[in-house]
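Chemist: Start from chain V and add chain G according to the hints.
Chains as they are written, first to last, in the numbering used here: chain V, 1254 to 1816; chain G, 32 to 779.
Chain V stretches covered by chain G per the calculated footprint, using a threshold of three residues with CB under 8 Å from any CB of chain G: (1) 1482-1488; (2) 1574-1582.
Pulled a few chain V residues facing chain G out of the computed Cβ check, cut under 7 Å: (3) Lys1426; (4) Phe1429; (5) Val1433; (6) Pro1477; (7) Val1478; (8) Pro1495; (9) Met1496; (10) Phe1498; (11) Tyr1499; (12) Asp1502; (13) Leu1555; (14) Val1570; (15) Ile1750; (16) Gln1796.
Sample of chain G residues lacking proximity to chain V, with all beta carbon distances greater than 10 Å (derived): (17) Val50; (18) Trp555; (19) Arg679.
Hints in this document: simulated from the structure, not taken from any laboratory. Just so you know, even glycine gets a beta-carbon here, dropped at the ideal spot from N, CA and C.
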Amino acid sequence: MTSNMSSLQSFFLLAPEILLVTAALITFLGGAFTGLRSGWFVALVGIVAAMLVAGGQPADGAWIESGGIRIDAFSTYIRWTVLGLGAILALVQAGDLFRSAVTRGNSFGGGFHTGGTCEEAGTFLILLAGLSLTAVANDLVLLFIGLELVSIPTYILLALKRTDAHGQEASLKYFFLSLVASALFLYAAVCLYGIGGSTSLAIIGARLRSAGEPMPGMATVLLPVAIGMAMAGAAFRLAAVPMQFYAPDVYEGTSPSNAALLSTLPKVAGIVVLVRVLALAIMPTDAGDDAVGGAAMAHLSLFWPLAATLAAVTMTVGNVMALLQRNLRRLLACSSIAHAGYLLVGIATAAAAASARAGNGPAGADTSWTLGLGGLSATLFYLATYALATAGIFAAITYLGHRWPEWTAGSGPRPPREEIATVDDLDGLSSTNPVAAFAITLFLLSLAGIPPLPGFWGKLSLATSALEVDWNAAITLGSRRAWFVSLAVILVLNAAIAAAYYLRIIAAMYFRSNRRGVQADGGLTAGIAMLLCTALVLMVTVQPRGLFVSSSRAGNVIEKSRP
Amino acid sequence: MQEFSPSTLLVLVPLLPLVGAILTVMLGRTLGAKAHLPAIAGIAAAAAVAVMLLAATARDVSPAHGPHAEAVRPVEMISTLWKWASFDAAYTPPEGSPATDARLTPRDLAASQDVRSFSIPVALRLDPLTATMLTIITCVGLLVAIYSTGYMHDDPGYPRFFALVAMFVFSMSMLVAASNFLLVYVFWEAVGACSYLLIGFWFTKPEAARAAKKAFLVNRVGDFGLAIAVFLLWMSYGTLDFHDTISPDGVIMPGILGQTRLADAAGYAGGAVGTAICLLLLLAACGKSAQLPLHVWLPDAMEGPTPASALIHAATMVTAGIYLITRSAPLFAACPGALTMVSIVGATTALVAALIGTVQNDLKRVLAYSTISQLGYMFASLGTGTLLGFTAAIFHLLTHACFKALLFLGAGSVMHAMGGVIDMRRFGGLRRVMPITAATFFVGAAALAGVAPFAGFFSKDEILAALHAKGWPAAHGDHHAMAVAGGPFHLAAFSTDATHATATAPAVGLDALDRPETWQILFWMSLVTAGLTAFYTFRAVFMTFTGPTRVPEGAHGHGGHDGHESYESPASMTWPLMILAVPSALVGWLLFSTNWLAHFLSATPSLTAPTVAATATPHVFHMDLAIQGTLAAAIGIVIAAIGHLGRRSDGPQLERFLGPLQTLFANKFYFDQIYSVFIVRPLEALALVAALFDRYVIDGTVDAIAGLPVALGGIVRRSQSGLLQRYALAGVMGVLAIVVLLAWQLRG
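Just chain V, same shape as in the assembly (with noise of 0.2 Å):
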């Protein structure tokens, strides 16, 4: 089904996107004139009601174009995840919101800003809007302002949340490096424009495939150099190896509901552009014929090797490093270092089993035993079960706030509130807090990969996928084959590494004693985002059909071939 709509249709296409920006008008209209709390609550009502109108997923090979939009299973997923993220999200940031309020006057540092709340709920609006026109966009143009309108949103929120030393470190390091990496994959489109003469994703894509053996001259040159410069744009996003360094610091210096937002948004942005420049050279579904060009399979056979390798030494460092951490916040940007990897060996699997399809290499896919998720859909899904972890653990931090100071009456003046920043922080927090020391106990399991919980059926699928790619083939140095069993064995031995960190944190939660508690004074609604992780982590844990489905659509979409 392919359509060319008029403008106003593909003006209702946008609607969520366009209610989203209109929430975020209202929120920063009002701001002059209401009080603290109603921008987040109208931020709330945008999202759910972008929700409404963002419509389901459409069935297997549907979709609708309509000049730079399209809009199919991918981009319904996409959407989805990021709407559902972004409530959560919005009610852990209102939860932070709320604890500036309640310290105000108390004298400590550079303190937390305290006012500016309904331009905090303004710009988190526009980030979504800006994330979920990345999920539909089919032109190059269009991407990179989505993508922009992620990046200076974020840089606006994590300056205006934390207004101390280490506040400003981090949101300088971040826009410094965020504006590497954006011309950075500027550059990769520039490289794109140069092979397909427009700007249109789909044009370039049919035009590289039809590109025959030997490429046009240009193609030589300008092909590693926008899959190179694409990659590292999608790194810095998704926090992968080269361009991770900045996580670390970042997480540390900004606020625990700053570093919810940091660790699970740009993700899903960093993945929709690697799916775009990926898909470039797989045959769209309504295409008839399997004839690929020999540029789109150079295309691939650089892409897989450079994902996988970037995969494998992604989620090593980010593991060896977490395991060093005492500080909660940089231990967790370790962690979600080494999700990223793990992320990348699902997109890699897609790119290896694309060339394979392509005849580049002995027939795959003819397995014995299959999970029923090729690699994309797996990445897919690991992403959404990842996210909502990680935002869970977050809203926790959020929520639970600071520690007891060590001050009775008589000792003098009431020293300054310290909030919860390493692990030792969490001692005994099963006795002192019993319903957040099991969810975040949850989430850390479903992080670690701990059966039955959601993150198992994520690394479940991604390690099969990558056993799947070549089954028939026997394992030779080199090979393909090769290659993806050794990346599989990579991730399980990872997987063991994580298990020692998370474990820790558990640990001290639950068999160290006590010694000052916690306040859980961050906000009653990063305590509801806390509960609403909980029940959704628990609900794929019973039910993980759902996710399955249709994180399996959204993938075949792309990845044409599995019925």
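Modeler: Leaving out everything else, chain G in the frame of chain V:
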């Protein structure tokens, strides 16, 4: 007419106690002394629903006689709540495995069996067996919970106790309602966990903690058997569902106990695989139902609170093994050797436990050994493999649940009044100070001893009849003899020969045990056990309630109306006793005279398998057996009366005449010592060696390997300098390296 469909109601039975348990956990501290309310409300509602379900199921079973009588057809209803972990095209059975055997995968499946889907449907079922079990579990659970409000009063763990009881009722209801072997396994473990927590309820007491550990570990042996059995079932049948399912493309996937396979005479694996599955299921049942050689945990489990003993270790959880074997009846029917083993294990356990019970002085332990013995009776009955045997076992399960719960609660009432003392030598003549407890305990004892017309008499008579029919087939009419000699009973699924040839061929291995002589021995063992049961039961009654009135120091009564003090328990405890006394007295006669239960159960799908249903016999009252059974009971009671009636319970005992045998019985046949020498000590030695190996060899290696990521992390961390310029430089250098490598690769 009905506002709720049966499937909604079915879900409510486990759900309500679960909600009760969760509420108790959450509100326990707030409610304080009222912490029992959510749990009792949940269980009470579940009991009401279970009774409704029983009635609804009974309506569906075709009437036994009258104008509308017809052949019994299976009655079942499946309610799939959701499919957990379902994967399309998950598994290809290896060539030549039983799952690809065309004779074992009937009809439509053959076409689509190349690739099988895997899923764990969370499906509940309702059939006569499940309805009966649900009613027993929830009703006994309710009475025990009410009783506990008095018994556990002032205990610091009051909310915890009720949460656990409600949790247990939930798990047990799920266990009997699950329609999938994997779910059965899950809840098999769940009831084990509840049992562990309740035995160790007073965990500060070392004996309680040790008993809980022992129960858990011994049960693990059985659970291991169940796990392997589930694996083998999956390999053999390619599914774990009980019921048939219809795949989206319209193919019927026969479940293990579904009607498609039941209708197929060759639907069940016999031979080595089938026997292995059955023996492993038997091992599982032995663990949970405390049968030889895994019975050692149950007496120690009496360290838990008495109401928990009554509910879990007498009335319900320990019958899970009976349930499992009854549910798997067609599997067993295909393996006569395994069936005979069930009876041998059961009859031996019954006899051994009864012998041990004769010399115990701890009232609760007498009852514990009696439970083991009675469960052995049920196993002996199941092993006959006849319809009569299966229904008799469930009949006895039902009556036993009533009178044993009554006896345990009575013992708890005594213990409560005596200030925690349960040694029968330290009190006596209690009928004067605890009249209600004494009267109800007497009813329970009469039922247990098999005194006509109390409940136990009728169910025990049925079991003896089932055993007798196997031992002397000619005496029970041609119909049955034919079934034994040439009917489908001797079905060997892997044999393509005519059934007749199989029947006449000399049986080998375990199957050789299935001969009349074996059953004759088993019958006599059971009859002796009946006498012993009557003896130790009335010995306990006489020691506790007759003779001069004595109470231990520390027990404090309250002023009685006629001069001496009364020790009777509060109304919350005596009412459940009186309520339970009614079915303990009457239910046997009611169900036997109408034959209602047997007919109702025969509509259970598992029991409609041709191999089982063909063994149906007309319902008759065997006067000769009744006389033999009554005689045995009478002898036991008379000996008990000679030894103990009216005497001081701390005086010289009758059992001293047994001489060295008494030592043997009192030491429980030295099972614990044998296990200690041959299993526990060697394992401990092995564990020590393993621990040393682990500490010095494995840990050393692991520490070395674990040091590697940490060392690597140290290096990586150094790059984490915090300087923005370096980050940007490293990033850009990395990207450049990538681009150069890609370009180089494209050229090369």
